[in-house]
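Chains as they are written, first to last, in the numbering used here: chain S, 1 to 480; chain B, 1001 to 1486; chain E, 2001 to 2109.
No wet-lab data here; the hints were simulated from the structure. Where a beta carbon is used, it is the ideal one built from N, C-alpha and C, also for glycine. Please note that the accuracy of each hint is not assured.
Said to hold, decoys possible - Computed cross-link-like contacts, DSSO-like style, restricted to lysine-lysine with a CA-CA straight-line distance of at most 30 Å:
| # | chain 1 | residue 1 | chain 2 | residue 2 |
| --- | --- | --- | --- | --- |
| 1 | B | K1391 | E | K2036 |
| 2 | B | K1411 | E | K2036 |
| 3 | B | K1083 | E | K2084 |
| 4 | B | K1391 | S | K132 |
| 5 | B | K1346 | S | K132 |
| 6 | B | K1346 | S | K82 |
| 7 | S | K137 | S | K243 |
| 8 | S | K82 | E | K2052 |
| 9 | E | K2053 | S | K132 |
To be verified - Calculated Cβ distances over 10 Å to all of chain E for the following chain S residues:
| # | residue |
| --- | --- |
| 10 | P42 |
| 11 | V53 |
| 12 | H135 |
| 13 | R439 |
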Amino acid sequence: MPAEKYKAVIGLEVHAQLNTSTKIFCACRSEYGGEPNTRTCPVCLGLPGALPVLNREAVLKCIRLGLALDCEISFASIFARKNYFYPDCPKNYQISMYDRPLCENGSIDIEADNNKRRIGIERIHLEDDAGKLLHEKGDISNIDFNRSGVPLVEIVTAPDIGSAAEAAAFLRSLRQYVRYLGICDGDLEKGSLRCDVNISLMLRGARELGTRTEIKNLNSFKAVRSGIEFEIERQSSLLDAGKPITQVTQLWDEGEKKLVAMRGKEEAHDYRYFPEPDLPPLIVDDRFVAEAAADMPELPGVKKQRFIDEYGLSEYDAGVLTVEKELADYFESLVTETSDPESSCKWVMREILGQLKDTGITIAEFSLSPRMTGELLILVKEGVINLQAAGAVFSEMLSSGEAACDIVKRMGLEQISSSEELGKMVDEVIAGHKEEVVRYQDGNLQLLGFFIGEAMKMSRGKANPGILNELFKLRLHRRD
Amino acid sequence: MSALTDYSISELQRLYKKREIGPVEVVKAYLQEIDLKDPLVRAFLEVFHESAVMRAGELEEMDPEGMPLYGVPVALKDNISVKDRLLTCGSALLSQYTSPYDATVVHKLIEAGAVIVGKTNLDEFAMGSSTENSAFQVTRNPWDEECTPGGSSGGSAAAVASGMVPVALGSDTGGSIRQPAAFCGITGMKGTYGRVSRYGLVAFASSLDQIGPLTRDINDCAVVMEVLSGHDPKDSTTLESPAPGLVQGIEEGVEGLKVAVPAGIAGWQVEQPIIEFQEEAAAVLQREGATVEAAGLPGMEMSIACYYILATAEASSNLARYDGVRYGNRIEGATLREMYENTRGKGFGEEVKRRILLGTYVLSSGYYDAYYARALKVKSMICESYRKLFKKYDLIVMPTTPSTAFKIGEKSDDPVSMYHSDIFTAWVNIAGLPAVSIPAGISAEGLPIGIQIIASAGEEAKMLRAAGTLERSFSFRRRYLPGADS
Amino acid sequence: MQKRDGSGEIVSLSEKELEHLKDLARIRLDRDLREKFRFQLDAVIGFVAELKKVDISKHKDTAEMQRGSSRLRADEPEDSLSRKTVLEEAPGNNGRFFSVPPVIDNENE
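Taking the hints into account, I'd like the entire structure generated from these sequences.
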């Protein structure tokens, strides 16, 4: 296997769109979508004379991510202009942080291939997004500037990643963080999370790094994995054949399942970075950091451990329940309703996750509130319905949206637990099976199950089996 | 000359409040002056005849109280944005561009009761010292039609000097208000960097640009400057400290102020009459109770090189947006790159192209450290040395320009010589200091001479104390414009 | 080729360099202007190269941070411009989008 002969050295540059109400440098709405070119102003359209003013919320959200990933937060960071001509870039420069980013030197712990590793974060900085260039067939490209100026954080890892699986694990973990922090919806397909990859290979044990190539346009976890695997394979074969690796930027073609080199002259980029004169250095003092930290939610690792300690969940269950903050929140609300972590965990793991998987929706889109689900579990716990009936009621709740107790009543699924009512049934069964009664009283005690079954049939499954049991024992004994 | 166009702002306010005159007749009188004189001077790119009279009519229904510029006609350099008006910046590329928003200074002027009467000519994107770099017309110096009015705010300076408006706004990146003010015999001021909002000023060099007034005297200048000043949430580089009161200082005199004048001024190739007025200024201040000392001005010789590196670097980036995609005149090409190159190649004039290329050069990989990074360091050194100098002195008084107005065409093909004429002004922008140029007298050829007063950052009020004292002594308007000063 | 900045370094602007600059800046230069510009820019570059004589080694840069700020904008939306207003100024548009000639090759250099 070439993967063993060579060591892959991988670094990621991930862009995450912050979910602020307004854009990073102007007061236009920044939410996704909208009719093309209806969310622009002099600033985000780069009109003559307009000036950027930094959105405070974007800074807070970037700091929050930095703190969550154990970064140092810079007291003074500086925006710079990255100069390049492209029609989706209205000013023909991007405002980004260059040599003085807001956050530096953090890390994320990941687990891949049964191996726990720490991946370094070199920097996290703020910048503005470009508009969208839509290539039409024929002689024209169209531009929508609604996205222009949406705040982005760029997360740059150290070249610590060694495989496609690790890269995917890192991205998954990062996505978990941004979603927990409530700063980005983490949707790769929509482009709110975008991943670029740098890869080089070196012989195991060698000192010098190989030539680095870049992959862009990886807009799903699958694409990240396949793209990296493809590139490792490609570089390995070249090296095995004694051929040189050339610097190249490639795009992942999901349809063809291959990497395609970007066309064009491989002229070195000259972005002519210089400090943005329209924005003074951003000063982040202790109070500012404290304000960002005050809104910090419980992070995934901490929450998982707490679920194990507080609710007695297994490591596996706690891990699954904390992948998504919304799911963890759902579980905890359910426990509040039922005061029963064990049955709540089982119900979420089996019934609810099963339901989400079958219907392809997220927990946020799930129609039953924790209170509604909780009522159902309480009915089971209090013996009003049995587990078998609970499954049926759950399905009915999902389709009709009715409360559990209403469905139980409407479908008449309450257990019959009244001694008087059950007593009549028991008497009737005893009266109708004289022969079996004699055999029972002669010592064939296994017939008790038969009697209970007969009574259950009579009740159409609603009889409380425990009470039937007691009644039969009592009455068959008295006749003795 | 009609008397209505002779009043100063404070006289106008007094007469308006007494209802002796009204904004409509004043505005009409000025529009008449424009119609009469501008065909010769060619200071205006556009005159808002209708809207100015309409606005004056609206003002007549309002109470002048609390509006320091009530009924005062104001012209704007055409790199300042007015909603639904052309904003050409003197460039062929933007000859048809209409801006959809008001600059912050325009808001402030309107709130203060001013009447915007038109847009004035300028060097394309404010790049130049003669207003010859306009794509549309050459503006004449009202004192000598063969001379330039200076630049880049030459249209604004010529409009005020010829009595077509009492007030015009300009922008000053390396002297573009003060030099034309000096060439045209009027007053021109730039505040401390950040004193006036740049929102709506088309950027040339963002870290140096400041908007400021061009007026006939120092009192008008102070009134307008008070209106323009102040923090603007739309411009992150504006100062947060409140703007100082300026008008009252004018009468305060210079008793006790310490003034530095440049040592060895003759070494800067300054014309003799200018040196004489500089010496007179020093003598006046001394006589009025200031201490005047000769001091070496640090960094002057390196300031021009530093200025042209920083200014062109920023300009190369600021002007990248003029690409024919979102606005402006596009010149088609088969590919996007061809469209870009055609649009910018044809749309920009020579000086703008030269500066963009120079700015691109000093930022480009391999040259950045030797030029741009070094210039930033030098800027920081200059700032530091003036902080030190202003611990010892309150003000610096020196000529605004080494020469009087030069002839049209004289320097247009010699950029280096043109750049040198900014020697006394550009360093002030690098150091971010406030400065005002006031007219001192005229040369034997009959061309005005300006004296410049520079203060420490934030000390505009002190600066105007000296300006008031000097203006009273020079009595420029009474001496050289007989009948102009009532 | 000429020496001109006192440091002994030759900084004459070659045709190739000018070509590179105009490519970076996306400015077409006609042939006659090209020669004139090379000459003029060469002079200007020589002029600004004066700065190399300044001794900056002892200077500590403290000015930069003094103008720092943490005064920022609240995250509150305001009205955008109407699409009609915005597209009216666009030399190429189809009523919904801005339009440009095809982006071919790698324009992003």
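We went through each hint and held it up to the structure:
no. : hint                  : result
1   : K1391(B) <-> K2036(E) : 47 Å, violated
2   : K1411(B) <-> K2036(E) : 15 Å, holds
3   : K1083(B) <-> K2084(E) : 15 Å, holds
4   : K1391(B) <-> K132(S)  : 53 Å, violated
5   : K1346(B) <-> K132(S)  : 28 Å, holds
6   : K1346(B) <-> K82(S)   : 25 Å, holds
7   : K137(S) <-> K243(S)   : 38 Å, violated
8   : K82(S) <-> K2052(E)   : 26 Å, holds
9   : K2053(E) <-> K132(S)  : 47 Å, violated
10  : P42                   : 7 Å, violated
11  : V53                   : 5 Å, violated
12  : H135                  : 7 Å, violated
13  : R439                  : 81 Å, holds
Hints 1, 4, 7, 9, 10, 11 and 12 from the earlier list are contradicted by this structure; the remaining hints agree with it.
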